[in-house]
Every structure is written in structure tokens, then in C-alpha cells.
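Trainee: In case you want the letters, here they are:
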Amino acid sequence: AQSVTQLDSHVSVSEGTPVLLRCNYSSSYSPSLFWYVQHPNKGLQLLLKYTSAATLVKGINGFEAEFKKSETSFHLTKPSAHMSDAAEYFCVVSGGYGGSQGNLIFGKGTKLSVKP
Amino acid sequence: KAGVTQTPRYLIKTRGQQVTLSCSPISGHRSVSWYQQTPGQGLQFLFEYFSETQRNKGNFPGRFSGRQFSNSRSEMNVSTLELGDSALYLCASSRAENTEAFFGQGTRLTVV
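The listed protein sequences correspond, in order, to chains A and G. Sequential numbering of the first sequence, starting at 1, is according to our numbering. Sequential numbering of the second sequence, starting at 117, is according to our numbering.
These are calculated hints, taken from the structure and not from any lab test. It is possible that part of the hints are untrue.
Computed list of lysine to aspartate or glutamate pairs in DMTMM-like fashion (alpha-carbon distance at most 25 Å, straight line) [claimed, not checked]:
1. A:LYS111 - A:GLU15
2. A:LYS111 - A:ASP8
3. A:LYS42 - G:GLU191
4. A:LYS69 - G:GLU168
5. A:LYS68 - G:GLU168
Here are some chain G residues the structure puts well away from chain A; computed CB gaps all over 10 Å [to be verified]:
6. ALA118
7. PHE219
8. GLN221
All C-beta atoms, glycine included, are put in the ideal place defined by N, C-alpha and C.
Assemble the whole structure, with the sequences as input and the hints as a guide.
Mentor: Listed below in C-alpha cells is the structure:
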């Protein structure tokens, strides 16, 4: 069965410093992995996705994530945090084969706070 | 291009009642999925419909049901509401397999 574990429920950084949100996954086959962001009172937005192509995936708004099979990790990073990055971030694995996004399994989420 | 539209945005119901939520996908999208978001359980998959057929189902009781119409619009129904059904219900649509899922803003259901 597929699952993801987000290692931090809350991360706080200062504006301009790097962001690291950690995620480990468990999958019985080659997984499709995603990061979504949810701003308050807004829907979920896809930041980036990994579907067995390049292991370093670049997303929107300067975010990127690296798929590490040996560590079963898919951590999200950004070199320099912006105040507008404050939101909740979800690491997600596809519940189906081949990267289908019709059945997504979400982690518990990491709330990112950005201090001025 | 219009996004995924969910109606109503907010709903208050009494225990024991039933409720129907609606989701209009992005034009051309044939897959619609439903998720429940609560503070305790987080985001959980309810079911997925593709071309009017339920393709996947999450681990929810039979009180939760859904359907999809020929124009890809989808509804989900919850019967005999319980206090624990209070949640944000999110709908997502995608064009087909392996394509990005776009989420609506959700329907906030409160059961009193």
C-alpha cells in the first residue's frame, strides 16, 4: 500500500532563508509523488510532480524536490523563503499505477510560517 | 477558463439529515475525485469517477455515495449525517490519466 509521512507538522523560517519540508514515502512499486500547497481559504494547488523521469523536479514559485529512492524521501526545498510562501504543504503519492491523479494519498501536512 | 466549481460553499445541516454537494469540473475534464479534509484525519480520498463510472473508492461507510453525469458534473451525497461528517469536502478534476488534478475551493459542511 502507498503512504507518505511528513516529518514536521510545522516549520518556521525567516524571510530570505532556505526552506526544507521533509517527506518520506512507502510504495510497493515505483511511485508517483507530488507536492501540493494550500493557502488559507483557497483550494489545493500543484507545486510539482515526480513520475520516474528526472529525480530532481522543479516546480512553480522556485520550489524543487529531489526523489531519493535509497532514502525513500521526496523533500521539498526553496533557496529563499518569501512571505507569500506561508501556507500548508502536502506531500502526496498516487494511489494508482502510472501516476494517475484520480486517487491521491495525502500526508498530514506541514504548516510553513515565514517571519519577516 | 473557469476552474473547478463547487456548490454550495458553506452548508449547515442537522444530525440525521442528508446532504448533496455538487462539483462542476473544468470543461473537457472527464475525471472527478472527491476528498474529505478534517483537522484530525487530514485529507482522505472518497471516490473517483471517470466517464460516469466509479473507478476508485476510499475507505468510507456506505452513507457516502456519489455519481457523475454525462456532462462530467458530479455530486456526492451523505445520508444520515453525523457530527463527525463536519469537514471541508474538496473536488478535483483532471482531463485523463496522468494529467494534473485541479482542485475546487471546497464545500464547508457543518453538522450540528
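Trainee: Each hint needs a verdict: does it hold in this structure or not?
Mentor: Structure-based check of each hint:
1. The suggested pairing of LYS111 (chain A) with GLU15 (chain A) holds, with an alpha-carbon distance near 15 Å, which does not exceed 25 Å.
2. Between LYS111 (chain A) and ASP8 (chain A) the CA atoms are separated by roughly 8 Å; this keeps the pair inside 25 Å, and the hint holds.
3. Distance hint between LYS42 (chain A) and GLU191 (chain G) is fulfilled; the C-alpha atoms sit about 21 Å from each other, no more than 25 Å.
4. For the hint pairing LYS69 (chain A) with GLU168 (chain G), the CA-to-CA distance comes to about 37 Å; that exceeds 25 Å, so the pair is violated.
5. For the given pair, LYS68 (chain A) sits about 38 Å from GLU168 (chain G) by alpha-carbon distance, which is inconsistent with the 25 Å threshold.
6. Remark: the non-interface label on ALA118 (chain G) is consistent with the geometry, its nearest Cβ contact in chain A lying 13 Å away (cut-off 10 Å).
7. A beta-carbon of chain A is positioned within 10 Å of the beta-carbon of PHE219 (chain G); the least distance is around 4 Å.
8. The claim that GLN221 (chain G) lies off the interface is violated: its Cβ sits roughly 5 Å from the closest Cβ of chain A, which falls inside the 10 Å cut-off.
Going through the hint list in order, the structure does not satisfy hints 4, 5, 7, 8.
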